[in-house]
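Undergrad: Residue-level listing of the chains:
Protein chains: 2
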Amino acid sequence: MRRKPNPDQRRRELCDAAIRLLADDGVKGLSHLKVDRKAGVPDGTTSFYFRTRSALLQAVAVRVSELDLKDLTAAIRSQSPPVTADEPSGLATLVMRTATGTRLVRTKARLELARQAVRDPLLDQALRGYSERFHALIRDAVLRLQSAKKKPDPAVADRQAYVVMTFISGLMHAFAGGDRRIRSAAELDAFISGIVAGIGSSTALR
Amino acid sequence: MRRKPNPDQRRRELCDAAIRLLADDGVKGLSHLKVDRKAGVPDGTTSFYFRTRSALLQAVAVRVSELDLKDLTAAIRSQSPPVTADEPSGLATLVMRTATGTRLVRTKARLELARQAVRDPLLDQALRGYSERFHALIRDAVLRLQSAKKKPDPAVADRQAYVVMTFISGLMHAFAGGDRRIRSAAELDAFISGIVAGIGSSTALR
Chain Z
1 MRRKPNPDQR
11 RRELCDAAIR
21 LLADDGVKGL
31 SHLKVDRKAG
41 VPDGTTSFYF
51 RTRSALLQAV
61 AVRVSELDLK
71 DLTAAIRSQS
81 PPVTADEPSG
91 LATLVMRTAT
101 GTRLVRTKAR
111 LELARQAVRD
121 PLLDQALRGY
131 SERFHALIRD
141 AVLRLQSAKK
151 KPDPAVADRQ
161 AYVVMTFISG
171 LMHAFAGGDR
181 RIRSAAELDA
191 FISGIVAGIG
201 SSTALR
Chain F
207 MRRKPNPDQR
217 RRELCDAAIR
227 LLADDGVKGL
237 SHLKVDRKAG
247 VPDGTTSFYF
257 RTRSALLQAV
267 AVRVSELDLK
277 DLTAAIRSQS
287 PPVTADEPSG
297 LATLVMRTAT
307 GTRLVRTKAR
317 LELARQAVRD
327 PLLDQALRGY
337 SERFHALIRD
347 AVLRLQSAKK
357 KPDPAVADRQ
367 AYVVMTFISG
377 LMHAFAGGDR
387 RIRSAAELDA
397 FISGIVAGIG
407 SSTALR
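Respectively, the protein sequence lines represent chains Z and F. Be aware that the first sequence starts at 1, since it is given in the working numbering, and climbs by one per residue. Be aware that the second sequence starts at 207, since it is given in the working numbering, and climbs by one per residue.
Everything labelled a hint here was simulated from the structure, so no lab data went into it.
Listed next, the in silico DSSO-like pairs over lysine-lysine satisfying Cα-Cα at most 30 Å (straight line):
id, chain 1, residue 1, chain 2, residue 2
1, Z, K28, F, K234
2, Z, K70, Z, K34
3, Z, K151, Z, K70
4, F, K240, Z, K28
5, Z, K28, F, K244
6, F, K356, Z, K150
7, Z, K150, F, K357
8, F, K276, F, K356
9, F, K234, Z, K34
10, F, K276, F, K357
11, F, K234, F, K276
12, Z, K34, F, K240
13, F, K244, F, K234
14, F, K276, F, K240
15, F, K234, Z, K38
16, F, K356, Z, K151
17, Z, K38, Z, K28
Using the sequences plus the hints, can you model the full thing?
TA: What follows is the structure in structure tokens.
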């Protein structure tokens, strides 16, 4: 009894197998055949769904970005001030999770894709389309960290979001490299709050 | 008239050729033979000096790190407060330079090495040996940005250096990916000062 595979579901499975390969072996270790083997599908399946290497990488970039966006949206929506050591922010909790387990696999895959994007314009375009959406989410998170009575100007909120996003990007790279300097979401919240306050009250940035 | 090549000089030349290859083609595009061709030396030269791929990568990591340390040390030593828009800090000036020209080549190569270190313990060790030294230099830079009469506690200076270093790491990745949100060293100084002030006065981090 063979069920006809649902093409969308099949594409997602192949992308998820590619994510694991990218995390373990890097872009260098990725091939259509290896994805077939990793996903446990007949040889040639990945080539059927994604004709070129670039098409495969773009699809993986979309898959990783959509999963990350979904997680980040849920994490930030769950967040209501005040953030405390007992109840850290959704953002900090999510970032700490990217340091371990399946989330670390996805983090590593994303970093591989970002490196590869330097020399693959279509992959770069696929990833870049999401960066505005991540910025908007981080901006929302940053606004939620600040009390209603002292909401920053839009331009200040943009800068706060930019620095927090860049800091988190640096942190993800450090995590992927095994750094464990920050040990809890509460500690990360304290760092993020410090950044937000400092950028928010900077007179040099007006 | 053949001059006997100086082995140290030859090793440096091979590493510099490998840096250009890494930046252009990634770890995937690196081979002993390609380094020979890039450096314009007889086939087999790179294999003679660096027996294995890992040995070559480790030597390149040391070369990149030594060059970066030298630049960073000089940039920070040249820095005396106050930092102004007309006279930005040595640190910010150097970071902005990593976004263009030959410095961007080295930046890209370093990011490739860092990705590869995830799956090469000896390479990881070679890079990790330098991270303490970079931290100490950034800590020095951060201290120089603050006026003598309100020098932070050592623990606070460590945290300021950690956040600035992580932010700069995120920024380097953004630069390598073509991001140009920050356009001048003066603007970067304002961001760094905001971070330093915010982390310095955070009560959550005591």
